[in-house]
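Chain by chain, the residues run as shown.
Protein chains: 2
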Amino acid sequence: MPAAGQSLEPIAKKDLSNAKSPIWHTGTVLLTSIGLGFVFNRSSDPLLSCVGFSVLAYVLTNALIPTLGPSFIKVGFYGRDLGKNNKPLIPETMGAVCGLVYMSLMFLFIPFLFYKYLVTETSGAGNRDQTIDTAVHMIHTGRQLSMFPHSKLAEYLAALLSLFSILVLGVADDLFDIRWRNKLFMPVLAVIPLMVVYYVDFGVTDVVVPQFVWSLLHSGTEYSPPPTVNLGIYYYAYMLAVAIFCPNSINILAGINGLEVGQAVVVSVFLLLNDAIYILRGRISGSVHPAAEAHLLSTYFVLPLLGVSIALLKYNWYPARVFVGDTYCYFAGMVFAEVGILGHFAKTLLVFLIPQVINFIYSAPQLFKLIECPRHRLPKLNVETGLLESSRVEFKIAPTGLRKNFLSVLAKIKLVDLETDRAGKIKSCSNLTIINLVLTWTGPLREDKLAIVLLAIQAASCGAGLIARHTIAPIIFGRDNI
Amino acid sequence: MPAAGQSLEPIAKKDLSNAKSPIWHTGTVLLTSIGLGFVFNRSSDPLLSCVGFSVLAYVLTNALIPTLGPSFIKVGFYGRDLGKNNKPLIPETMGAVCGLVYMSLMFLFIPFLFYKYLVTETSGAGNRDQTIDTAVHMIHTGRQLSMFPHSKLAEYLAALLSLFSILVLGVADDLFDIRWRNKLFMPVLAVIPLMVVYYVDFGVTDVVVPQFVWSLLHSGTEYSPPPTVNLGIYYYAYMLAVAIFCPNSINILAGINGLEVGQAVVVSVFLLLNDAIYILRGRISGSVHPAAEAHLLSTYFVLPLLGVSIALLKYNWYPARVFVGDTYCYFAGMVFAEVGILGHFAKTLLVFLIPQVINFIYSAPQLFKLIECPRHRLPKLNVETGLLESSRVEFKIAPTGLRKNFLSVLAKIKLVDLETDRAGKIKSCSNLTIINLVLTWTGPLREDKLAIVLLAIQAASCGAGLIARHTIAPIIFGRDNI
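In order, the protein sequence lines correspond to chains A and B. For reference, each letter of the first sequence is one residue, going -2 to 479 in my numbering. For reference, each letter of the second sequence is one residue, going -2 to 479 in my numbering.
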């Protein structure tokens, strides 16, 4: 929201849209055709349909963002880009467009996902040679497609329901600016349908733990792989924690053009790579393994997210023409949480979110008010150079005792930039986010350079995580998931 | 939205809230306790839990509307009440609050709905004496509660998903003022999950028709009751039409304080009465009949709607302190459409919506621009008397030919108020809504009197429909549904 006194000069549609050259139009038509081709692929493979829907997700989002931008500004979804000299006014909450495109396509995907069952179940045993009696019976009881995987459908619907809830809560947050403490727990409500379905369909509350942990817990017992520990009800608490963590952690690692969407794109790509490893192994060996099924489901959810995210990134990249809003961060985070929970690979998911975990832990002293926390912790624009510098918290009362020691230790290992006066009193320090931390290491950077550095860190961390997951983890845990 | 130049003087919270006397507080505590008592009823009967959740739905909505009203105005959800002399500014889109309360409680209701299955399935066959091998197997395949009615869960989740979609589309409409022609078809998107589940779980596309219709279609064939006709794919078109009609028809019969919510309350009550007939017959005879199951599901959806609606009606009744918005009309209409579709009683549902059907048919000449249609067709306030008078369309070009004859016939049977000049040319006529029609019959009325008359018509029509459904219909259709 702009400060009082600043004028509101809504941007026109043309400022947002691409140059509508014939090439661009040709590209759209081409992409749409490819998308539709994949959707209605001849082999009726849901995976190919999913690829098609993801292409359409990109095309639709790409077309809708410039179309809807001005309307968003008109109804009050706008913000000023504080990282630019002229602080331009641009549409906010564009994550809502992504969310709606995503949800619509996921609805349309339902028949494609279950095509196999719908066709085999109805072509053979049609209604034609039924007697009137069975017809009457059917009216009152309904027929059921006996082979149809109702539990899979329930799972899929529950996941969509959770996503819709977080979408609504995200938009509500962008509209009403819900208090920090309240919105931290918004995902709890959204995740209820998912938990119920998890309880009903899986109920697996065992986790595989490293061998040495198992040995510690079962000293004296003969070892028998794999070493699992039944967490029981705590497993649900663990899933809840994942569902609360993912959306919020992406929302905290935010504030510069392209970072929110960029990190979601990187994480999506690595989740898809991880899924591909399982799916391809299954397809090559010709056997359908339950873990491969779970990773197929994960692909169905993550690939369309990648589609809408790439389109959004185009408009949100430096210099941003739209903002994504908390809506997008929550939505993307919730997709990750869901596939982690339903695919029973929440630990692997957390490996891909290591920068977010580190940022959360690093921010914790400020989030929980152990150290002063200003309203905004974004990097500060140096108007002279046009570069971003790490923002600082100026202490009204110099920290003493434990807090002083804590900051001094951090400063010594270069994890915070400390300013002290001659008497050794701490005057200010850089804000505790990894965005500011990177800036204290690299010095001032232009906004897009900073985003690239941060995304490179994300990619490197995810890459290392993926390799570790498939090389070191099987050794530590005694066996692999396959 | 207020006209330009009109000042925006947001109302304070106290204008919206009830007098916070000790009695009021006691009432809230009492109602909450009763609600919670029913939710956690000792017999674990989902029907009693549903009653409890509905009481809580009332309490929560009643508390949240005055709390959130000022925030709604702040973000731009407000409107001016044109039916009052001073045209006060009040919060709009309060249906969103109802919708969110409703959805949250329906989420929490899931475990209660399936409590029976969750408990029997897990108490006996616990995880304790499993071998590690089966534990490992479970981690990779998941267990399934074998008796658990996954199809019922999928049905329930699909219904909630459809409701969430319409809620989001409704809010989008209130925010962006979507064009009339586009929003007419919004329910199509929302109803997809429901149609898929219907196809998978029931697939019943037969409808019971009156005996004479059956005889016409099957002339020469021996008659064998009940007379059903398989509509096949047209049945899905029929369901789609119901899903489009219900939300829109409630949205069209609107514009005076208390009418939108009032009609939804009346329809809900009669749907519940109809459900009760089936459920009670089942409980008395001790047998669980599929039709009774469908009507139980209908109760689970309609009763909480009644809860939120009564609370909303309190604030929306003359003189209105809040507006309900298109959001509410769509949402309530969609709940009706869903129970009609899932319960396979869409025809009975339409019987309860006869005033809406008549209003739609009566409005059609204006809706489809055969007769001039002004931007607003609300009754007009006479500032002198404080009473509402029927609003009129002034013809720029006097209707001739067919349109003139049509209006003259309507005028003769007192279905429109016509103004002609000496030459017999039509100068103006009352707008074609049943709200204006009632006013041409009764003469000017105060807004609340008019609402009462219209709701009385609704109740009378529903009452007649309910009686006809259970007395005449079984004769015409050859048998009853029971």
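No wet-lab data here; the hints were simulated from the structure. Mixed in with the good hints there might be a few duds.
Treat identical chains as interchangeable: a pair holds within one or across any two.
Stated by the list, open to error - For lysine-lysine, the following DSSO-like pairs were computed, each having C-alpha atoms within a straight-line distance of at most 30 Å:
#1 344 / 84
#2 149 / 377
#3 409 / 81
#4 344 / 366
#5 84 / 71
#6 411 / 113
#7 149 / 424
#8 71 / 180
We went through each hint and held it up to the structure:
1. 344 / 84: neither (41 Å within a copy, 58 Å between copies)
2. 149 / 377: neither (49 Å within a copy, 54 Å between copies)
3. 409 / 81: neither (33 Å within a copy, 70 Å between copies)
4. 344 / 366: within (29 Å within a copy, 60 Å between copies)
5. 84 / 71: For residue 84 and residue 71, the Cα distance is within 30 Å both inside one copy (18 Å) and across copies (24 Å).
6. 411 / 113: Classified as neither; 58 Å inside a copy, 58 Å across copies.
7. 149 / 424: Cα proximity of residue 149 and residue 424: none, with 58 Å in one copy and 63 Å across.
8. 71 / 180: This pair counts as both: shortest intra-copy Cα distance 26 Å, inter-copy 19 Å.
Hint compliance for this structure: hints 1, 2, 3, 6, 7 are not met, and every other hint is.
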